[in-house]
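Note that the protein sequences, when read in sequence, are chains A and B.
So in my numbering, spot 80 of the first sequence is number 81, and the numbers just go up one at a time.
So in my numbering, spot 6 of the second sequence is number 136, and the numbers just go up one at a time.
Because the hints were derived from the structure by calculation, they are not lab data.
Please note: incorrect hints may appear among the correct ones.
With a straight-line Cα cutoff of 25 Å, these simulated DSS-like cross-link-like pairs (lysine-lysine) come out [claimed, not checked]:
| no. | chain 1 | residue 1 | chain 2 | residue 2 |
| --- | --- | --- | --- | --- |
| 1 | A | Lys3 | B | Lys174 |
| 2 | A | Lys71 | A | Lys125 |
| 3 | B | Lys188 | B | Lys146 |
| 4 | B | Lys174 | A | Lys117 |
| 5 | A | Lys103 | A | Lys16 |
| 6 | B | Lys174 | B | Lys146 |
| 7 | A | Lys59 | A | Lys71 |
| 8 | A | Lys3 | B | Lys146 |
| 9 | B | Lys188 | B | Lys174 |
| 10 | A | Lys87 | A | Lys103 |
| 11 | A | Lys103 | A | Lys117 |
| 12 | A | Lys71 | A | Lys3 |
| 13 | A | Lys16 | A | Lys59 |
| 14 | A | Lys103 | A | Lys125 |
| 15 | B | Lys174 | A | Lys125 |
| 16 | B | Lys188 | A | Lys117 |
| 17 | B | Lys146 | A | Lys71 |
| 18 | A | Lys3 | A | Lys117 |
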Amino acid sequence: MKRYEIIEQPIDVQKYSDLVLHPAAGAVTVFTGHVREWTHGVRTLYLAYEAYVPMAEKKLAEIGAEMEAKWPGVQVAMAHRIGELKISDIAVVIAVSSPHRKAAYEANEYAIERIKEVVPIWKKEIWEDGEEWIGAQKKYPEKGSES
Amino acid sequence: MITVHYFARLRELTGKGEESLDRAPLTVEELLNWAEETYPGFGKETIHVAVNEEYALKDDVIQAGDVCAFIPPVSGG
Chain A
2 MKRYEIIEQP
12 IDVQKYSDLV
22 LHPAAGAVTV
32 FTGHVREWTH
42 GVRTLYLAYE
52 AYVPMAEKKL
62 AEIGAEMEAK
72 WPGVQVAMAH
82 RIGELKISDI
92 AVVIAVSSPH
102 RKAAYEANEY
112 AIERIKEVVP
122 IWKKEIWEDG
132 EEWIGAQKKY
142 PEKGSES
Chain B
131 MITVHYFARL
141 RELTGKGEES
151 LDRAPLTVEE
161 LLNWAEETYP
171 GFGKETIHVA
181 VNEEYALKDD
191 VIQAGDVCAF
201 IPPVSGG
């Protein structure tokens, strides 16, 4: 399996955690982003994610390289799921190992922020009374991309 | 010829995932202007263009054979 991938199947968190674990690692942080039912008072039924897959995987790998440069010694694995996801499904997993915990925490948060900025993935919220692609959207332009 | 990809809102607006254009060479800005004229409501002010899977600047020139993608604001995570 790849360290940076877009997948259509449910995310197996343990696989990514195992990928970054090695004898010099004293800490592994694993972040999972889940489908949230309520956003700004609007109830989501399910989400549909779409990606420009080759570019998205390339951008994930670039983010991983940025992390390795900023926090020497970290190892990174990340995956984002696309397709239709139900409430509480895992949309994204970020696993980071490092010799000491501080770098693992910091690098992990950096990764999700960068994913939201640069990786070509789009989320459509499907509600009881409509649907909308998030990102350009009018309802909550700044906050709509929160995971 | 160049290939252009459409995603998310733009895929639904244009009714297609990709198409070929016989317009190269042209700049990224010219491609955005073409899209706005061809597909009313495209919203070029908020859209980035990727050329060969890398974000491009408006002055960058697209050559025949390049693969382009319109990237509306992303919302992964």
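Going down the list of hints, with the structure as the test:
no.: 1; hint: Lys3/A to Lys174/B; result: violated (34 Å)
no.: 2; hint: Lys71/A to Lys125/A; result: violated (33 Å)
no.: 3; hint: Lys188/B to Lys146/B; result: holds (24 Å)
no.: 4; hint: Lys174/B to Lys117/A; result: holds (20 Å)
no.: 5; hint: Lys103/A to Lys16/A; result: holds (22 Å)
no.: 6; hint: Lys174/B to Lys146/B; result: holds (17 Å)
no.: 7; hint: Lys59/A to Lys71/A; result: holds (19 Å)
no.: 8; hint: Lys3/A to Lys146/B; result: violated (30 Å)
no.: 9; hint: Lys188/B to Lys174/B; result: holds (11 Å)
no.: 10; hint: Lys87/A to Lys103/A; result: violated (33 Å)
no.: 11; hint: Lys103/A to Lys117/A; result: holds (22 Å)
no.: 12; hint: Lys71/A to Lys3/A; result: holds (22 Å)
no.: 13; hint: Lys16/A to Lys59/A; result: holds (20 Å)
no.: 14; hint: Lys103/A to Lys125/A; result: violated (34 Å)
no.: 15; hint: Lys174/B to Lys125/A; result: holds (20 Å)
no.: 16; hint: Lys188/B to Lys117/A; result: holds (22 Å)
no.: 17; hint: Lys146/B to Lys71/A; result: violated (40 Å)
no.: 18; hint: Lys3/A to Lys117/A; result: holds (21 Å)
In this structure, the hints that do not hold are numbers 1, 2, 8, 10, 14, 17, in rising order.
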